[in-house]
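*Asks:* Produce the entire structure from the sequences given, and follow the hints as far as they go.
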Amino acid sequence: MRKIKAIKITQAVMELVKRANFYLRSDVLSALRRAYKIEDNRRGKKIIKAILDNAAIARKNNLAICQDTGMPVVFVQVGRDVRINGDLKAAINKGIEGGYKKYYLRSSIIRDPLLRGKPEFSPCIIHIDIVRGDKIKITLLPKGFGCENKSQLKMFKPTADIEEVKKFIIDAVKSAGPDACPPYFIGVGIGGTADYAGIIAKQVLLTKVTKQNSRLEEVLLRQINKSGIGPMGLGGKTTALAVKIQKYPTHIAGLPVSVNISCHALRSGQVVL
Amino acid sequence: MKNINTLKAGQEIFLSGTIYTARDQAHKRLVGAIKAGKRLPFELKGAIIYYCGPTQTPKGKVIGSCGPTTSSRMDEFTPLLLRRGLRGMIGKGGRSRAVKDAIKKYKGVYFVTYAGCGALLSKYVLRAQTIAYSDLGPEAILKLEVKDFPLIVAIDANGRSIYG
Chain A
1 MRKIKAIKIT
11 QAVMELVKRA
21 NFYLRSDVLS
31 ALRRAYKIED
41 NRRGKKIIKA
51 ILDNAAIARK
61 NNLAICQDTG
71 MPVVFVQVGR
81 DVRINGDLKA
91 AINKGIEGGY
101 KKYYLRSSII
111 RDPLLRGKPE
121 FSPCIIHIDI
131 VRGDKIKITL
141 LPKGFGCENK
151 SQLKMFKPTA
161 DIEEVKKFII
171 DAVKSAGPDA
181 CPPYFIGVGI
191 GGTADYAGII
201 AKQVLLTKVT
211 KQNSRLEEVL
221 LRQINKSGIG
231 PMGLGGKTTA
241 LAVKIQKYPT
251 HIAGLPVSVN
261 ISCHALRSGQ
271 VVL
Chain F
274 MKNINTLKAG
284 QEIFLSGTIY
294 TARDQAHKRL
304 VGAIKAGKRL
314 PFELKGAIIY
324 YCGPTQTPKG
334 KVIGSCGPTT
344 SSRMDEFTPL
354 LLRRGLRGMI
364 GKGGRSRAVK
374 DAIKKYKGVY
384 FVTYAGCGAL
394 LSKYVLRAQT
404 IAYSDLGPEA
414 ILKLEVKDFP
424 LIVAIDANGR
434 SIYG
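Those protein sequence lines, which keep their order, are chains A and F. Counting from 1, one number per residue, gives the positions in the first sequence under this note's numbering. Counting from 274, one number per residue, gives the positions in the second sequence under this note's numbering.
The set of hints was computed from the structure by calculation and includes no laboratory data. Think of the CB as a built atom: it goes at the ideal place given N, C-alpha and C, for glycine as much as any other residue. Just so you know, not all the hints are guaranteed correct.
Unchecked claim - If you only want the chain A side, here are some residues facing chain F, beta carbon under 8 Å, derived:
#1 Cys66
#2 Arg106
#3 Ser108
#4 Arg116
#5 Lys118
#6 Asp179
#7 Leu234
#8 Ala265
*Replies:* In structure tokens:
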């Protein structure tokens, strides 16, 4: 049994906080650079240029890519042959809090959603999975709420046509319109339950965005980019940079579809201990 | 902002001067104060509000990352502020019909700026000072001095909008 001290987890999370918020993912950068090349709307191109400049300034000056440093979402895969000395969730939250303070990020978390009050740095959202092996894999996705607010869930009938599902996904993007910082990355969770579809819709945003994995993803991306919303909603063919779909088995009575929209500043970081 | 009425939707300008940050909770308080007949923490007449909640200010810097937040969440509060003299707003995304009408009626202007580019925009802020609601943390009202802050006119004083 391999032993890992909770403090190691805290330290690793602090480092992830820095990496995810200051350094834009290389696949996201590639997608943006490609879009810059092919966008022919003058203003759209200029906006993509500003987004790329912003990423460079953030990296160089240790500044947050976006002031909305998100609700931190942490996915943890714990190997079954690891023993953690200490409390895993507490260690993660300590790392989030420590990192957000140390790197001058924003306190955006409200302890009581109804009473509101002064924003704090934690708690974050934690999803834990037990896997084979003796390692711990930690992934941090700071999710901005401008785009989280535009995410949608629909419980379709099991007899629904695939065209209805496609329309729901495209309409979700259209209803986000110019508000949630397009060009977007669209995470789609299909199947499972109402809650699980939402989790996989977000989790799939962690996979490489430069590669479309199915014909359905390609078709949806093409149709979304025909909407003409464009960067910042001011026109152009770059409304989304990728559509990523994750499916999971579901019940005979249903077909949950969850759309998780990410702004162009799709940020995440991963470490293996 | 003397020549605000001549600005046209779609035009790109660079703003130098004073702006005030205010987002969700600050708007709720401002409107609450107006309705209760209380004094506001800054002179609303002629003012420009920036929908922004920056990160903490790193050591040695004027401000942290400071891009715009989604404007439509402020829609329900905006017409009253315009009626009380608010001149301009800076944010991202579309506005409601009621806001558009109020902008036209009270001769205001709504700008958008580079969304999701808070690090870039911090370069145009010369000074930042918290002037009210510091208990709201990042949602406090800051007085910002900006220079050449890049803006796009999204809704002009005639009610024309770039979003159609």
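*Asks:* Hint by hint, note whether the structure agrees.
*Replies:* Cross-check of the supplied hints:
Here the hint on Cys66 of chain A is kept, as its CB sits about 5 Å from the closest CB of chain F, short of 8 Å. Given the 8 Å rule on beta carbons, the hint for Arg106 of chain A holds: about 4 Å separates it from the nearest Cβ of chain F. Satisfaction of the interface hint for Ser108 of chain A is found here, the shortest Cβ-Cβ separation to chain F being roughly 7 Å, below the 8 Å cut-off. At about 7 Å, the closest approach between the beta carbon of Arg116 of chain A and any beta carbon in chain F falls short of 8 Å, and the interface hint on this residue holds.
The interface hint given for Lys118 of chain A holds, since its Cβ lies 5 Å from the closest Cβ of chain F, which is under the 8 Å cut-off. The interface hint given for Asp179 of chain A holds, since its Cβ lies 3 Å from the closest Cβ of chain F, which is under the 8 Å cut-off. With 8 Å as the threshold, the beta carbon of Leu234 of chain A comes within range of chain F, its nearest partner Cβ sitting at about 6 Å, so the hint holds. Evaluation of the Ala265 of chain A hint against chain F yields a held restraint, the C-beta minimum of about 5 Å falling below 8 Å.
When the structure is compared with the earlier hints, no violation turns up for any of them.
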